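Undergrad: One-letter residues, chain by chain:
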Amino acid sequence: MTSPPDQPPSRTNWAGMALVSPALLVIAIFFVFPLLASVVSAFQAKTGEWTLANFDKSFELYSGDVGYTVVIVAISTAVVGLLSVAIGGYLTLGTNPRAQAVLRWLYRWPLFIPFIVAGQVMRTFLAKNGLLNQLLIGSGILEPLAAQSYLDWRGIVLAFVWKQTPFVALMVAGAMAAIDPAHIEAARNLGAGRLRILFGIIIPQIRRTLMVGLVLSYVTMLSVLSVPLMINPNSPTMMTVDVAYRINAHGDYGVANALCLISLVLASVGAWFYLRHGVARKGVQ
Amino acid sequence: MSGVGFVMAWVAANGADAAKLEKGPYDASQKAAIDKAMEGLKEFNKNVVLTPGNAGTLDMLNRGEIVMGPVWVDMFYTWQADGKLNPKIKLGLLSPGLPGQPMYYVVPKGAAHAELAKKFVDLAASPEVQADGIVKQFNWYPGIDPQYVQPKLDPAVWNKLFTDISPGDLAKYGRPFPLSQYFTDILEAYERVASK
Chain A
1 MTSPPDQPPS
11 RTNWAGMALV
21 SPALLVIAIF
31 FVFPLLASVV
41 SAFQAKTGEW
51 TLANFDKSFE
61 LYSGDVGYTV
71 VIVAISTAVV
81 GLLSVAIGGY
91 LTLGTNPRAQ
101 AVLRWLYRWP
111 LFIPFIVAGQ
121 VMRTFLAKNG
131 LLNQLLIGSG
141 ILEPLAAQSY
151 LDWRGIVLAF
161 VWKQTPFVAL
171 MVAGAMAAID
181 PAHIEAARNL
191 GAGRLRILFG
201 IIIPQIRRTL
211 MVGLVLSYVT
221 MLSVLSVPLM
231 INPNSPTMMT
241 VDVAYRINAH
251 GDYGVANALC
261 LISLVLASVG
271 AWFYLRHGVA
281 RKGVQ
Chain B
286 MSGVGFVMAW
296 VAANGADAAK
306 LEKGPYDASQ
316 KAAIDKAMEG
326 LKEFNKNVVL
336 TPGNAGTLDM
346 LNRGEIVMGP
356 VWVDMFYTWQ
366 ADGKLNPKIK
376 LGLLSPGLPG
386 QPMYYVVPKG
396 AAHAELAKKF
406 VDLAASPEVQ
416 ADGIVKQFNW
426 YPGIDPQYVQ
436 PKLDPAVWNK
446 LFTDISPGDL
456 AKYGRPFPLS
466 QYFTDILEAY
476 ERVASK
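Residue numbers (the numbering used here), protein chains in the order written: chain A, 1 to 285; chain B, 286 to 481.
In case anyone wonders, no lab produced these hints; they're calculated from the structure.
Model, not experiment: these values are computed from the prediction.
If a hint is listed, it holds; no wrong ones were tucked in.
Simulated restraints on C-beta separations:
no., chain 1, residue 1, chain 2, residue 2, range
1, B, Asn347, A, Thr95, 46 to 54 Å
2, B, Glu413, A, Val70, 56 to 64 Å
3, A, Leu106, B, Ala410, 52 to 60 Å
4, A, Val71, B, Ala409, 47 to 55 Å
5, A, Leu136, B, Ala409, 49 to 57 Å
We put the CB at the ideal spot given by N, CA and C, even for glycine.
Just chain A, with the same shape it has in the complex (with noise of 0.2 Å):
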């Protein structure tokens, strides 16, 4: 059965309204509603009336914080685009079908361990008598003396980059293999080699489906609170770690919100990128 072409429009609205609200009202409640009471117990002092000492205190104690989060999940990116891309191009331009396949089916295990786990994995694998040291000592490579603990940025980069890969490179393989094999094989016809055909053909068609990749993990990773407490909790740490921090020891949401708002700033980056991509995706279609 279908609907009379002069259905009119009025009741198609209601119809549509009506299927769409149950979706805009979840994301109402449970979304913009907490978002505009954080932002507004941002502004406020304990008393209630309208201050900026939540934000002098933030930036008093935690700037330095910030700019830990900021190198840290910035590093972190960079270094996941280059993993993904580099195993994205190996899977499709790859010449040996047993280490694609051995490959392929390795790269997409950590996808599927929470970030909590990762973080206590990490935490025996990387301390200064941890397997990674004890492995490298074991084998000759590494003096006992000159072994090290990793628990501190290097290890929440490795934690967030072991985590994040294979979450980008799952989206930019799968964009790698839906390229027209033609474009490929044209440019290997013309003498192109492995890593020219990648840089030059392959990146720059899939290059929306990385930067979103990217954007979408710079997000979460700004937004985890689990490895950054495992690994490295002390000062400097992440910004998560501070928030949970003030509600904990301080019951102060006044500045764990003005904190969350300043993490919402560096989101927001992301934001700008993702939706700038989408618009112009949009125009071109």
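Chain B: place on chain A using the hints.
TA: Coordinates of chain B only, in the frame set by chain A:
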């Protein structure tokens, strides 16, 4: 949190009025002494390893990455009993003392069943419950004077808990945490001065 206990002990031992921190009254002028203690702690921290929390400290002790660290006695014994900690690691309670969790029973004024509540408090603070629940089950130190708990315990359990630290040491060097307002001042001073 065991590290927080150490910071509180550091402040009490390095310039602040320890008795005032524990018993009150609140006096904002202690803030200067607290800040000064934090400057010393900042220097001290240059030579220590900061661990990721209670479990992190125990892990690092067990792997031999640190030689001493502030730990909670209940976690220490529980981990040792579970085989997660080298049995050769021992506890010590340093002079002039370290704080533990303050544990109070409170009956609000005007409670509907105040008498019943008091009876419950008596039950919970009785030697039997302290022996079976607090010591045997959780490896905590008893919340009442240990000499009343000793007759209710197996000598083996008693000896396990009081091998490294005697009840006398515990009474002498076991301290309560500072009062809440001082506690907050110390936490803030740590962030403002020591961890900058």
